[in-house]
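Peer 1: Our numbering applies: residue 25 is where the sequence shown begins, and numbers increase by one.
Treat the hints as calculated values from the structure; they're not laboratory data.
Keep in mind that the hints are not guaranteed to be accurate.
Label-pair distances were calculated between CB atoms; the ranges are [said to hold, decoys possible]:
| # | residue 1 | residue 2 | range |
| --- | --- | --- | --- |
| 1 | A115 | L155 | 15 to 25 angstroms |
| 2 | L55 | H78 | 33 to 43 angstroms |
| 3 | V134 | P88 | 35 to 45 angstroms |
| 4 | L55 | A84 | 29 to 39 angstroms |
| 5 | R82 | G26 | 30 to 40 angstroms |
| 6 | V134 | A59 | 14 to 24 angstroms |
| 7 | M25 | F87 | 26 to 36 angstroms |
| 8 | A54 | G26 | 33 to 43 angstroms |
None of the values given here were measured: they were computed from a predicted structure.
Positions of the beta carbon are idealized from the N, C-alpha and C atoms, including for glycine.
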Amino acid sequence: MGINGYINYCAGLAAGTGAAAGLGGGVTLALGIPADLANTIAQQFRVTLAVIYHRTGRYAVSFPEFMKIVGLSIGVELGIKGVEFLALRVAQELLKRLTARTLGKAVPIVGAVVGGGLNFAFIKAVGSTLLAFEDQIFNDVAERPAISG
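The whole structure should be built from the sequences, with the hints applied where relevant.
Peer 2: Given below as C-alpha cells:
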C-alpha cells in the first residue's frame with residue numbers, strides 16, 4: 025500500500041463520515057457532526073503517526089513531539105509557551121476549520137458531497153504537508169530511545 029496509499033485510505037474513511045453527516049441535511053447534522061469531527065481528527069492523527077513512522081522507522085513518540093508535528097501540519101505556529109498552549113491552539117484551529125464546513129452540510133445530498141469532499145481534501149492536505157516537511161522536524165522523534173513494552 026505504501027504511505028500515499030495509507031493517506032488515501034484514511035482520507036476515504038474521513039470522507040465517509042463527512043458524507044454520512046451531510047446526507048440528510050439538518051436532520052443528520054445533530055448526530056453526524058460529532059461523529060464526523062471525532063473521525064476526522066482520528067484520521068488526521070493516524071496519518072500523522074504513519075508519516076512519523078514512515079520518516080523515522082519508530083512508532084514511539086512523546087505527546088509534546090506529536091502535538092508539535094500535528095500543529096505544524098495544520099499551520100499552527102509554534103512558540104515557547106508549552107505543550108498545553110500548543111494543544112489548545114491545535115484544538116482551536118481544528119474546531120475552526122471543521123465548523124466552517126458544517127454550513128455546507130445543511131442541504132441534503134449536496135451536504136454529503138460537500139462533507140465527504142472537504143474531509144477527503146483535508147486529510148490529503150495534512151498528509152501532503154507532513155510528507156513535505158524537512159527531516160529536521162522528525163529528528164527529535166527519531167533520537168528518542170524505543171519504548172519497550
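Peer 1: Compare the structure with each hint and give your call.
Peer 2: Structure-based check of each hint:
{"no.": "1", "hint": "A115 to L155: 15 to 25 angstroms", "verdict": "holds, 24 angstroms"}
{"no.": "2", "hint": "L55 to H78: 33 to 43 angstroms", "verdict": "holds, 35 angstroms"}
{"no.": "3", "hint": "V134 to P88: 35 to 45 angstroms", "verdict": "holds, 41 angstroms"}
{"no.": "4", "hint": "L55 to A84: 29 to 39 angstroms", "verdict": "holds, 36 angstroms"}
{"no.": "5", "hint": "R82 to G26: 30 to 40 angstroms", "verdict": "violated, 18 angstroms"}
{"no.": "6", "hint": "V134 to A59: 14 to 24 angstroms", "verdict": "holds, 19 angstroms"}
{"no.": "7", "hint": "M25 to F87: 26 to 36 angstroms", "verdict": "holds, 27 angstroms"}
{"no.": "8", "hint": "A54 to G26: 33 to 43 angstroms", "verdict": "holds, 38 angstroms"}
In terms of the numbered hints stated before, the structure departs from hint 5 and from no other.
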